[in-house]
Amino acid sequence: MNSEEMAWKIRRHVVEMTHRAHASHIGGALSCADILAVKKGV
Amino acid sequence: MQTFWRLKRAFDEEPGGRPKVIIADTVKGKGISFMENELLWHYRDPQGEFYERAVAELEEKKPCGIMR
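Each protein sequence line maps, in turn, to chains A and B. Residue numbering for the first sequence follows the working numbering, starting at 1 and increasing by one per position. Residue numbering for the second sequence follows the working numbering, starting at 1 and increasing by one per position.
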């Protein structure tokens with residue numbers, strides 16, 4: 001999985017988890033998806 | 001795509017024996033158009049129509065390599 005795919009998965013999970021939990025700081029979580037994807041991924 | 005290469009370079013760069021810090025100029029809500037730079041979406045959770053739109057937007061932009 002490349003960084004673009006990883007970042008997408010992170011964002012998809014962020015939306016899903018905040019939706020189900022009825023709670024979030026979704027803004028910050030989405031903002032660092034690309035950074036996390038590079039750091040943890042390829 | 002350029003973002004990923006710049007990030008990778010920043011992480012890989014050798015600081016020559018000194019501490020390294022990376023300051024990223026990020027966009028809050030990045031990746032969901034109606035959330036980007038919107039104060040409410042700093043802390044709101046997506047429900048109803050907002051959830052549907054967020055998922056639809058992501059599905060539209062889904063990279064080819066992802067199966068499910």
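Note that these hints are calculated values from the structure, not bench results. Worth double-checking, as some hints may not be accurate.
Said to hold, decoys possible - Some chain B residues well away from chain A (every beta-carbon gap over 12 Å; in silico):
#1 Ala10
#2 Glu14
#3 Pro15
#4 Gly17
#5 Lys28
#6 Gly31
As the list claims (entries may be wrong) - To be clear about the criterion: a stretch of chain B counts as covered by chain A if any three or more of its residues have a C-beta under 8 Å from a C-beta of chain A, and this derived list gives those stretches:
#7 19-27
#8 48-56
Don't be surprised by glycine CBs; every beta carbon is placed ideally from N, CA and C.
So, going through the hints one by one against the coordinates:
no.: 1; hint: Ala10; in the structure: violated (9 Å)
no.: 2; hint: Glu14; in the structure: holds (17 Å)
no.: 3; hint: Pro15; in the structure: holds (16 Å)
no.: 4; hint: Gly17; in the structure: holds (22 Å)
no.: 5; hint: Lys28; in the structure: violated (4 Å)
no.: 6; hint: Gly31; in the structure: violated (5 Å)
no.: 7; hint: 19-27; in the structure: holds (count 3)
no.: 8; hint: 48-56; in the structure: holds (count 3)
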